[in-house]
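Undergrad: Sequence:
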Amino acid sequence: MKVGFAKVDITPRLGVEMAGFGPFVHRIARDLRDRLWARAMAASDGDRRWVLISAELVGVDAPIVRKVRELLAEWTSLAPAEVMCHATHTHSGPAVLSETIGWGEPDLPYLLRLPSLLAAAGREALGNLQDVTLSTATFPVNGVAYNREQDERPAYDDAMRDNWRPALPEHTDTAGRVICAAAAGRLTGFLAHYSCHPVVCCEQTHSLHGDYCGVAMHALEDEHPGAVGMFLQGAHADINTCVCHMPQAESMRALDVIAERFARGVRTGIGQAQPLAGDSVAAVSEELTIRRAGVSADDLRQRVRDNVQALLSDAAGDAGRDARMAAIGLTAARRSLARLEANGSLDEVSEAQALRLGEVLIFGLPLELFRGVGRHVQRAVGREPMLVLSNANGALGYAVTRRCYQEKGPRHYARDIVPRIHGSAAFREDLEDDLVDACVKLAGQIA
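Just so we're aligned, residue 6 is where the sequence shown starts under my numbering, counting upward by one.
Mixed in with the good hints, there may be bad ones.
Each pair of labels, with its calculated beta carbon distance range [said to hold, decoys possible]: (1) ARG407 - ALA172: 43 to 53 Å; (2) GLN307 - GLY449: 40 to 50 Å; (3) GLY322 - ILE33: 17 to 27 Å; (4) GLU104 - GLU346: 12 to 22 Å.
Quick caveat, the hints were computed from the structure, so don't treat them as lab data.
From the three backbone atoms N, C-alpha and C, an ideal C-beta is built for every residue, glycine too.
Produce the complete structure using the sequences and hints provided.
TA: Right, dumping it as structure tokens:
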């Protein structure tokens, strides 16, 4: 089997808006902590090949993915199903999602250049194909994450202690998986898969970097000169780093600490990796219909009226959070109404994709998966090694578990608010089942 790696600098200029933490907070990149990278891995067995690109961005939406695939088809003749575009989901990079409202405004010159940079990483990885031996290991991850839906965020000083552990570790991933490639006894690259939001640095910070996972990859690449370390984000949507939403100084101190905790685990995995079976590769992709909860045109017109009233009645004017959130709700309702009147439905067509590397299965889904959804995929497919990736070939918002739909009371951020930030309506409560079914089908096709 041949595998190749590459990395391309995708750092924006200072002054662009950063991703996340709205509404309309105008969070600007003021300084550079680390450069941002698109890392790529190509694999070939002589008959088939594919490319996996992982970018240090909050997401890669469908227009970006489509252009990357068009370029790689032109340059290398790769089919769309042979290219997976993934984002690590760092919130300390530029805003790039064109459909989100109020959670960071993309910079047009950067956005127009981005697909060429991502595609260049894929092309370079194909050019670096060489015979390799593959190995894998699971590795422990301690002191990094807590489940923000099930647990309480620890105090800063507690989280900074090296012996800190979450109160409910069973609701986090306490292990990750590494896939290593070596040629002539030298590590040429590795994939590090783990599930946790890269949010050590949040709304009070203004530095560009890849967050804990990006800093860890830099450190490990320095330890293995010439190797490319790719972080792959798992089912992370309800899991945060143990430090988040802190001022700049505290966040930057925590960034180094938490990155080293994660790097320590990956380092252990690299040292303990055992040979992988299989010498073939494959790639498959299936159309995936993302179904939205039933909402009528009259409902949407009422939302328009309600949000107009909220927008105009906030005593703080456009400085008020209620007014700014109403602007999001108003825009989402208008978009949804136009889509419903044009198409008769708010459902949209996206994609589920699977790659196979020897015996390793890699599933890519276009949402941020709750941990329970990722676990459901693993149980249903029933094969290891398996990597389930969020933020692949799209950025449609949170895929919550069925349990979230059973909760009553105030609006649920992931279930109810995030769909509006993405300019649409909530998903149907059986979204989890649709995603699992899609992965099971792909597993059968790619075996």
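Undergrad: Run every hint past the structure and note whether it holds.
TA: Status of each hint after checking the structure:
1. Under the hint 43 to 53 Å, the C-beta atoms of ARG407 and ALA172, about 24 Å apart, miss the expected range.
2. Between GLN307 and GLY449, the C-beta spacing of about 44 Å keeps the proposed range 40 to 50 Å intact.
3. Take GLY322 and ILE33: their Cβ atoms lie about 22 Å apart, and the range 17 to 27 Å holds.
4. At about 18 Å, the CB distance of GLU104 to GLU346 agrees with the hint of 12 to 22 Å.
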